[in-house]
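From the two separate chains plus the hints, produce the assembled complex.
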Amino acid sequence: MRCGRAAGAVALLTALAAVPIARAAETFDVSAFEKKAFEWNGFVELRPERQWLRRDSTGYQLQYPGETRSSVDRRSAAAEVSGVLRHGSLSFNFTGHASGLDEPRGADSDGRMYEAYASWQVTPRGIAELGKRALRWGKGYAWSPVAFLERPKDPSDPELAREGFVMATGALVRSFEGPLQTLSLMSALVPTTSGLNADFGRPGHLNPAFKLYGLVFDSDIDLTYAARGSDGPRFGFDFSRNLGSNLEVHGEWARTADASRALLTPGNGLAMHTRSYTSSLLGLRYLTQHDTTIVFELYRNGGGYSTSEMAQFFDVVRASASVSALAPVAGRAAAQGYTRPNAMRRYAYLRVSQKEPFNIVDLTPSVTLISNTDDHSYLVMPEAVYTGFDNLELRLRLALNRGGDSTEYGERPARSRVELRVRYFF
Amino acid sequence: MNKLLVLLCALLAWPAIAIDGTQLLQKVDRNLEPESYEMYRKLINIEPDGSRKEFVLYSVKKGRDKMVALFLDPPSERDRGTLRLGENMWLYIPNVGKPMRITSLQSVIGGVFNNADILRLDYAAEYNVESASDEKDAYLLTLKAKTGDVAYDRLTMKVDKKTVLPTVIECYAASGLLIKTLTYKDIKDFGGGIKRPATLETASPLHKGYTSVMLYGQIRARSMPDEVFTLEYLPRAKELR
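Protein chains in written order, with my numbering: chain G, 1 to 426; chain A, 1 to 241.
Looking at chain A on its own, in the form it has when it is part of the complex (with noise of 0.2 Å):
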């Protein structure tokens, strides 16, 4: 009898078991942008009295882990550029006049999103896959960061099965603490053959009351040299739109 019960068990668990979560994770990855790209996106960061604020960002990514990100608007942030290489960061502001190291948790701008969110890397890049199961519509994935050094311990990550793009990404602190969930929505056509969520809203409940979404413009594949992503380039990074 129990035996039986065992074998039950087991072919219960046969599909969430044969989930493949990395690369799951690596298509969901690739789902949501190529691997290099440029993208023009705009921060919307809504107050609980209702006034919002709003930050254009246009932004390059190599690779796993290079990227750029400058502010274009509005006047006070303009020029305003951050460089990511791996985990390291660094904030230019033009009057300062030169790159300063920041953390990945220091924001950059008000509102719920930090640096970590506006220079995302691929989620296979920070994250393991912890565990992965299949829910009715979505997959499940557990991922545990892979450094102390990534702004967010844990995240649990809704994928839609039809598309393979994520839907809901709850964010963990290593305490448990649970610092903010991101949802991703508006599925739309960018070209290229990039089919993804144009809008992504943050709320936390840290931050209660308020909204961040994150609407994508345009995004499109192009390749840069490395050295595009160094501190010497970064005060320039406004000729590379």
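Just chain G, same shape as in the assembly (with noise of 0.2 Å):
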């Protein structure tokens, strides 16, 4: 008798979920998704943030100067808007991005392409584009030491757009049957001048560049070089393989020529230092049974700022509070290269994020920790990720820098900070 009254409720259940399916098969309309000749998306955000500040730091030191906060909120802004304008085998692509901030120091604003090209598909084996361009190379997820073409990426938000330079590229790829599968070269030159890239290097070179991509015994394998111009001459390695359904794993492996930086000098003045270093990634993805992602790299930048190196800017921090003369050494030192996002020599990355846990539908929540493995300093951020509203994403992150005196992540501003990020789709 139970097990027939269980068996009518399953069947009533089973006939009211029917109900939403069948609509939703009268309303798919196919010729609302065909391609038109141009089409746009993008999305806004706020997001609202407090910090709490560690006054006996340096990166307190040098943002606030003078002031006595123990906290800071901010407020900020950003809006994002991608684009393609089609004509035959011509298209126009962009992709625009303005962003305003609100805290007490005062309110900024910025608006800029990260990326307007022009894109001629050649033949399906070619294409040339001319224009401004975010390309990506690399495999790690976290940091990538190939990637000679391209702004760094915050390990702390990976997936983030980031602004490209104006180049022109040109690929050719082949498929083939067999161990190797396919076949690509691309080039790429990247032109500086006083007015053009002047960010990515000394002005006046072409810079041209190369990446030789194959898929081989179902393995990405990239080699990267990237000739003097701007900076040293580059060389490099990627690969990427799956080691089973559920195991990926990639890494990197990169040397740079006469590369320069600025170091401190002895004499705590500032100076271009040049030479060679070797950087080189390794990690995986796996997923385990009950949905629970996990990405591990181990990261070894050549070319970051031994320990000794980074007390010595830690000191010339602290020494400016009181001999005002290292005032803007410290400033500048600070500017070219000492408080840029990992910007020692050994880090390691772990990020575990679980898909719907408990049941929770649309909700993805994780917990990512960047260790500086020289001086033992972390970053971790416990974050929530909620998509149940239609076009809508909430995320809740709480970042916790953790260290000693003179550590990297030891001496940050903040010591914790809240933000909640509200992200609309459109």
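What the hints contain is simulated information worked out from the structure, not anything from laboratory work.
Nothing here was measured: the structure is a model prediction, and the numbers come from that model.
One or more hints might be untrue.
Unchecked claim - Below are the DSSO-like pairs computed for lysine-lysine, each with C-alpha atoms no more than 30 Å apart in a straight line: (1) A:Lys162 / A:Lys136; (2) A:Lys136 / A:Lys180; (3) A:Lys62 / G:Lys36; (4) A:Lys53 / A:Lys180; (5) A:Lys238 / G:Lys36; (6) A:Lys144 / G:Lys355; (7) A:Lys53 / G:Lys35; (8) A:Lys195 / G:Lys35; (9) A:Lys195 / A:Lys27; (10) A:Lys162 / A:Lys188; (11) G:Lys35 / A:Lys188; (12) A:Lys146 / A:Lys27; (13) G:Lys355 / A:Lys53; (14) A:Lys98 / G:Lys36; (15) A:Lys195 / G:Lys36; (16) G:Lys35 / A:Lys238; (17) A:Lys158 / A:Lys208; (18) A:Lys188 / A:Lys238.
Structure, rendered in structure tokens:
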């Protein structure tokens, strides 16, 4: 009898569940999704945040000199629009980004094109592009040592769009049967003048670069090369391969010659120093049976500062509070490399995310750990992303910088930070 | 007496032995879609509270193991593309700007469907027929994955005798755990000689209360160059439409 009732209930539930399915079938209009001459999409976002400051840190001293704040509230907004205009085999693609920030030190706004380039699909095997492009080389998730032609990514938000450089590129691709399935060659020219690609490097260079890609024995392999130009010559390789239906491994290796960087001298001056170095990365992505995704990477940044070099920088910043002559040196050193993300040599990255835990639909909690394995300081970021509302994404994130004195994360201005990002897609 | 019994058993088993499972599976594949095609699908994830999420997907396939799928809707997923070459899969997210290699079990969207469902190749390309039996109105095929990289280790497929199309497929892990059940329904004439189910429903004991539905809006034969199925082309996959 119980069994009969249960069966009846199941039948009723099944019938109820079938109603929306039937409705959906009636409303699937394929013509609404066919290609149009002009298409565009984008998002707007609001991001309020609060930071709890560490007043005895060098980061605080650089950002809030002479002030006595214990916390700071910041409000930012951003909009990003991407689009494509097509005519036959030609197209024009763009991504524009605008942002505004309001904080106690003042308000600021910025607007720029991340990408704006013309594209000519000569044949299915060949394409030429001209304009501002954001090329992405490398297999690393948080870092990419072989990414010679792009601005560095922020490992605390590696999926954010970034501004490109003006360049001309051409690519040829061929497919084959057998162990070598794909072979492609991309070449690029990134010219620098005083007004063009000024932040790529020294002006007056064409900066040719090449990437040869092969899908060989089910492995992705890239060989990358950037000739001497605004910076020294660089070459490297990367790989990526699946070791099963739930495990992927990847790696990168790059050699940079004659690269210059700002370095504090023994007399606490700042000088440009040239040297050659090797960087590498090894990582994996693993999916458990319970939909937990683990991303783990080890990164050696050969061009980074050593623990003693960074300790000297922290000393200079501290001393600049009483020796005013050191303040400009500290400011220049910070701007020219010492405070950029992951400015030191050895790092580890771990991200663990769980899809829809405890049957809470559309919720993805995760925790990210970025550790400086030289000085044992770290950043840990628990966060939750909710996508349950149409076209809306909510992300709540806590960021905790932890470490002792004269360590990378211990000297960050904020000890803790909480932010809510509300993003609406259209 | 024993000899008579053996003979009788052999005669009873004869129809099952006579089924060429591999040939039947290949016919199922061709009845579902041409070897090379383009297709528009809508995926609907229905959650336990009745709320729904819809995704529109454009996909192209060539030969046994080449496939591209591109999200056209909702706006948060637009232009997110996936490429499959055999057991190799990559995901392209426009903001990230480069294809990332993913595993076949990694889900590119929430819900019960995973990449192997969205980027499904011919069944015969991924599975060997382990056994084939004759039931009243249907054939029952037991399929075993050809390699450990295939998302489901074993399938049992019920094939309608009249249409030679699958009706119910059960997907099992290597441990014997039932991962999900796929139900094909609503036979529709898509033109060009393609007459097949227009709806695929999925339920999983691992996602109790969740249902995912795939609605097929358009399927037509189309041939494309091999180079369309490369990482180089993936960021421009939306131009294929």
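Subject >> Hint consistency between Lys195 (chain A) and Lys36 (chain G) [alpha-carbon to alpha-carbon, up to 30 Å] >> reply: Distance of about 29 Å is within 30 Å: holds.
Original post:
Is the hinted pair Lys62 (chain A) and Lys36 (chain G) satisfied, with a Cα-Cα distance of at most 30 Å?
Top reply: Distance of about 24 Å is within 30 Å: holds.
Original post:
Can the restraint linking Lys98 (chain A) and Lys36 (chain G) be considered satisfied, given a maximum Cα separation of 30 Å?
Top reply: Given pair Lys98 (chain A), Lys36 (chain G) holds - Cα atoms ~24 Å apart, limit 30 Å.
Original post:
For the pair supplied as a hint, Lys238 (chain A) and Lys36 (chain G), is the alpha-carbon distance within the 30 Å limit?
Top reply: 11 Å, holds
**OP:** Take the C-alpha atoms of Lys144 (chain A) and Lys355 (chain G), compute the straight-line distance between them, and say whether it is at most 30 Å.
**Re:** 28 Å, holds
**OP:** Please work out if Lys158 (chain A) and Lys208 (chain A) have their alpha carbons no farther apart than 30 Å.
**Re:** Distance ~23 Å between Lys158 (chain A) and Lys208 (chain A) Cα, so the pair holds.
Original post:
Does the alpha-carbon distance linking Lys188 (chain A) and Lys238 (chain A) stay inside the 30 Å limit?
Top reply: 27 Å, holds
**OP:** Take the C-alpha atoms of Lys195 (chain A) and Lys27 (chain A), compute the straight-line distance between them, and say whether it is at most 30 Å.
**Re:** Given pair Lys195 (chain A), Lys27 (chain A) holds - Cα atoms ~13 Å apart, limit 30 Å.
**OP:** With a cut-off of 30 Å on the C-alpha distance, tell me whether Lys53 (chain A) and Lys35 (chain G) pass.
**Re:** Holds, because 23 Å separates the two Cα atoms, which is no more than 30 Å.
Original post:
Does Lys188 (chain A) lie within 30 Å of Lys162 (chain A) when you go C-alpha to C-alpha?
Top reply: 15 Å, holds
Original post:
Is it true that the CA of Lys35 (chain G) sits at most 30 Å from the CA of Lys238 (chain A)?
Top reply: Holds, at about 8 Å.
**OP:** Sort out whether Lys27 (chain A) lies within 30 Å of Lys146 (chain A), counting only the CA atoms.
**Re:** 19 Å, holds
Of the numbered hints stated above, none is contradicted by the structure.
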